[in-house]
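Input sequences plus hints: build the corresponding full structure.
Numbering-wise (UniProt numbering), the sequence shown opens with residue 1 and increments by one.
It should be emphasised that the hints constitute simulated quantities derived from the structure, not laboratory data. Careful: at least some of the hints might be erroneous.
Claimed, not checked - The following label-pair restraints were derived from C-beta to C-beta distances:
id, residue 1, residue 2, range
1, Gln122, Arg158, 21 to 31 Å
2, Ala71, Arg174, 19 to 29 Å
3, Ala20, Pro140, 53 to 63 Å
4, Glu34, Lys112, 34 to 44 Å
5, Thr121, Pro156, 21 to 31 Å
6, Ala127, Thr73, 42 to 52 Å
7, Glu128, Thr73, 23 to 33 Å
8, Ala33, Asp175, 30 to 40 Å
9, Arg174, Asp145, 12 to 22 Å
Glycine included, C-beta positions come from ideal geometry on N, C-alpha and C.
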Amino acid sequence: MEADLDGPLVFAVCLLGLAAIVIWIAVAAVKRAERSRRRRKRSGGAGRGPSRATSVRPGRAGPAATASRPALTRPPTGGPQPRERWWADFPHQDDPTASKARPCLILGYTGKGYWVLKCTTQAPKQAEWRVRADAARWAPASDKDGYIDLVPFHLPKRSLKRKLGVLDSAKVARDVERRVRWERAWDFIG
Numbered sequence: 001m002e003a004d005l006d007g008p009l010v011f012a013v014c015l016l017g018l019a020a021i022v023i024w025i026a027v028a029a030v031k032r033a034e035r036s037r038r039r040r041k042r043s044g045g046a047g048r049g050p051s052r053a054t055s056v057r058p059g060r061a062g063p064a065a066t067a068s069r070p071a072l073t074r075p076p077t078g079g080p081q082p083r084e085r086w087w088a089d090f091p092h093q094d095d096p097t098a099s100k101a102r103p104c105l106i107l108g109y110t111g112k113g114y115w116v117l118k119c120t121t122q123a124p125k126q127a128e129w130r131v132r133a134d135a136a137r138w139a140p141a142s143d144k145d146g147y148i149d150l151v152p153f154h155l156p157k158r159s160l161k162r163k164l165g166v167l168d169s170a171k172v173a174r175d176v177e178r179r180v181r182w183e184r185a186w187d188f189i190g
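Put into structure tokens, the structure is as follows:
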């Protein structure tokens with residue numbers, strides 16, 4: 001009699017194991033989709049750059065009022081200069097009261113603050129959002145190859161902490177200046 005139960009019992013155990021694997025795969029897929037949805041929500045959509053807040057008042061995040069390059073003036077002597085790389089405190093786009101220190105490339109000075117681009121080692125998902133900047137392109141050389149994000153940020157002088165170096169490649173500098181995504185600019189000064 002025992003031999004008769006072995007076949008159905010083995011089948012039931014295998015079926016339960018298969019069901020557990022299917023459920024585990026489904027839960028993993030739901031979690032992955034949720035993470036992807038949160039990432040898209042934070043970035044304003046799949047690969048479309050930062051989210052679009054409606055305010056451009058001082059201290060608030062939002063796209064700049066103009067899609068063209070703003071008027072830049074000569075920066076103060078001794079302060080950050082165009083093509084220099086600095087450490088800066090970047091306000092979070094969804095919460096401007098919080099910030100993160102990261103390297104940036106100085107684009108220019110407006111009289112109120114500096115237009116900068118984030119520098120990152122994270123490879124772009126879409127090439128039109130970043131320009132490659134090898135470690136050797138900086139003087140002194142950086143410790144890692146990286147990218148320059150093409151979405152500009154307008155930051156006050158107090159956000160710029162210390163100089164890291166200079167972009168030593170005129171070709172990369174021209175490529176960056178030509179491709180800056182001014183229509184996606186974030187003005188944290190107003």
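Holds or violated: 23 to 33 Å for the Cβ distance of Glu128 and Thr73? Because 29 Å falls inside the window, the suggested range holds.
Confirm or reject the claim that Thr121 and Pro156 have a C-beta distance inside 21 to 31 Å. About 26 Å separates the Cβ atoms of Thr121 and Pro156, which means 21 to 31 Å holds.
Are Gln122 and Arg158 spaced within 21 to 31 Å by their CB atoms? 26 Å, holds
Quick check: does the Cβ-Cβ distance between Ala33 and Asp175 fall within 30 to 40 Å? Given range 30 to 40 Å: holds, Cβ gap about 36 Å.
Between Ala20 and Pro140, does the beta-carbon spacing fit 53 to 63 Å? 55 Å, holds
Please check whether Ala127 and Thr73 have a Cβ separation lying inside 42 to 52 Å. About 32 Å separates the Cβ atoms of Ala127 and Thr73, which means 42 to 52 Å is violated.
Does the Cβ distance between Ala71 and Arg174 fall inside 19 to 29 Å? Holds, since Ala71 and Arg174 (Cβ atoms, about 20 Å apart) stay within the stated range.
Is 12 to 22 Å right for how far apart the beta carbons of Arg174 and Asp145 are? 19 Å, holds
So does Glu34 sit 34 to 44 Å from Lys112, Cβ to Cβ? At 40 Å between Cβs, range holds.
Violated hint for the displayed structure: number 6, the only one.
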